[in-house]
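Colleague: One-letter residues, chain by chain:
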Amino acid sequence: MEKQAKKEKEVKEPKNVVIDIKNLKKSFGSLKVLDGIELQLHEKENLVVLGKSGSGKSVLIKCIVSLLKHDKGSITVGKHELTDISDEDLIKVRKKIGFLFQGAALYDSMTVRENLTFALSRIKEKFSKEEINTKIIEALENVGLPDSIDKMPSELSGGMKKRIGLARTLVVHPEIILYDEPTTGLDPITSNEISDLINETKAKFNNSSIIITHDINCVKKVADRIIMIKDGKIYKEGTLEEFTNDDDTYIQSFFK
Amino acid sequence: MPKQLHKPDEVSLDSPSFLTRIQEQSLSFFIDMANATQYLKTVFKNFVTKKFEFQEFLKQCYQIGNKSVGLISITGVIIGLVLTIQSRPPLVQFGAVAMLPGMVAISIIREMGPVITALICAGKIGSSMGAELGSMRVSEQIDAMEVSNTHPINFLVIPRVFAAIVMIPLLTLYADAIGILGSWLGINIKDDMSLRYFITQAFVNVDFMDIIPAVIKSFFFGAVIGLVGCYKGYNAGRGTESVGIAANSAVVTASLLLIIVDLIAVQITDLL
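In order, the protein sequences belong to chains A and B.
Everything in the first sequence is counted per this note's numbering, starting at 1 for the first residue and increasing by one.
Everything in the second sequence is counted per this note's numbering, starting at 1 for the first residue and increasing by one.
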């Protein structure tokens, strides 16, 4: 009864919108990848984006950090609208957002320590060497890999790379984290660990996240809300329960 | 059965597919030129307006020197040696063997040293820049850098280009010295000449107008190697195959441009 009341309260109280996407369109030549996407990410929410390969999920989050320029529509992050954004404002937007790439994208020529130091040194806040060291060790402890500090990326396994990638994202304390297929290519045990880490990160830092994934176990663990993209449009939006109870064959092909 | 004169997939000149291909290739050439111009503009603008990554520049200087010095030493000695051995018989015929050290020294300082060093560095450094930046592009490291509020041109391209501009002239002077030493070894195969006498003979006809244009030329060679290597890697495609293409294309394009720059430099030097 108490749980029901809490849920109702959560529904009635509108949360702040941290990312607001309206009528987003993106094409590559004649290929329409995103065709009028409408999406809102709320504060302290894990939003999972589902869709088959090539449906434009990664393009969507790359548009959010302006790695790709959208053709039409608007993307608002906090107070900033990304269309024709100035370089200074783009820096402010990117400071709010952490991005975990599919292959972790650790800099090959740098050690784990240097990878994290690089991220810290680029946020234009001056830290002493001791502060940097403390922050790096704290970030590595958060992902359970404090012993890897002096290793090169080539010495790490796929799962470790993802964790270090997450540590590099977390070290700058972003308000929003974009996960691009965080469990792809990992064994079920490591996938579960990464999913748990996504939840732990949210619990500890109260950040909002967009998680791109095909991994239904990950979806079941982390999703507060799910959207499914098909043919460049939002096919369905809802909770995990609404998705699992839906009779639509396309949706069920993901959840079976 | 008559002998087949044309391959089945060969097309005649008036075939529309041939014209389409020409059109596509011309378009691709102009797109590439536009991208290269935009790239040069960004490199120059960011060099003037943004903070210079000095640590990265020093690291790249070390990398370039360290990677090339061994190869340049071996090639330098061999070039000096071969040039001397090849030039000796005609000079002996004319009784001008005493001019051998001076002639070899001028050839090495004016042309062989700068060009051979630049071509070796185009192969060694240009390909390595193309492959490194290409693999960073493929594995999204360049995107990760951009998301971390670091312009990849500032961190990856500008320090590499300027390291090449600084290091190629230094390596050229080193190659000149080693090449002249190789020439002394070459002379001592048939004759007996002290190093001191050889050096005196070698530099008797060399003046600053032989050295300075060659050094200036090698600054431009450095710029070509750095800019082309980084451009090819930075603009590599997304597949792993693109890394190989970027490395290969960096060497081929840089080598061709080096020869063109050398031709222009020789014409300008000739006017002076």
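Derived from the structure by calculation, the hints contain no laboratory data.
Remember, it's a predicted structure, so these values are computed and weren't measured experimentally.
Mixed in with the good hints, there may be bad ones.
[Claimed, not checked] A few chain B residues facing chain A, derived, Cβ under 10 Å:
#1 E24
#2 Q25
#3 D143
#4 A144
#5 D207
#6 D210
[What the hints assert, rightly or not] In silico DMTMM-like links for lysine to aspartate or glutamate, alpha-carbon gap of 20 Å or less:
#7 K45/B to E88/A
#8 K202/A to D231/A
#9 K72/A to E200/A
#10 K72/A to D35/A
#11 K44/A to E200/A
#12 K96/A to E146/B
#13 K69/A to E146/B
#14 K51/B to D89/A
#15 K45/B to E237/A
#16 K50/B to E88/A
#17 K22/A to D247/A
#18 K44/A to E175/A
#19 K129/A to E53/B
#20 K41/B to E200/A
#21 K69/A to D143/B
#22 K51/B to E237/A
#23 K220/A to D231/A
#24 K67/B to D108/A
#25 K22/A to E43/A
#26 K50/B to D89/A
#27 K204/A to D224/A
#28 K59/B to E175/A
#29 K95/A to D207/B
Using N, Cα and C, we set each Cβ at its ideal position, and we do this for glycine too.
Colleague: Each hint: holds or not?
Modeller: Status of the hints after comparison with the structure:
1. E24: Violated: closest Cβ of chain A sits about 14 Å from E24/B, beyond 10 Å.
2. Q25: 18 Å, violated
3. D143: 5 Å, holds
4. A144: At about 4 Å, which falls below the 10 Å cut-off, the nearest Cβ of chain A leaves the hint on A144/B intact, so it holds.
5. D207: Check failed: Cβ of D207/B comes no nearer than 44 Å to chain A, outside 10 Å.
6. D210: 40 Å, violated
7. K45/B to E88/A: Given pair K45/B, E88/A holds - Cα atoms ~16 Å apart, limit 20 Å.
8. K202/A to D231/A: Cα-Cα ~31 Å, so violated.
9. K72/A to E200/A: 36 Å, violated
10. K72/A to D35/A: 9 Å, holds
11. K44/A to E200/A: 12 Å, holds
12. K96/A to E146/B: Holds, because 14 Å separates the two Cα atoms, which is no more than 20 Å.
13. K69/A to E146/B: 14 Å, holds
14. K51/B to D89/A: 18 Å, holds
15. K45/B to E237/A: 45 Å, violated
16. K50/B to E88/A: 13 Å, holds
17. K22/A to D247/A: 28 Å, violated
18. K44/A to E175/A: 9 Å, holds
19. K129/A to E53/B: 19 Å, holds
20. K41/B to E200/A: 45 Å, violated
21. K69/A to D143/B: Since the Cα atoms of K69/A and D143/B sit roughly 13 Å apart, the hinted pair holds (cutoff 20 Å).
22. K51/B to E237/A: Violated, because 45 Å separates the two Cα atoms, which is more than 20 Å.
23. K220/A to D231/A: 24 Å, violated
24. K67/B to D108/A: 18 Å, holds
25. K22/A to E43/A: 18 Å, holds
26. K50/B to D89/A: Between K50/B and D89/A the Cα gap is close to 17 Å, so the pair holds against 20 Å.
27. K204/A to D224/A: With a Cα-Cα distance of about 16 Å, the restraint between K204/A and D224/A holds, given a limit of 20 Å.
28. K59/B to E175/A: 34 Å, violated
29. K95/A to D207/B: 57 Å, violated
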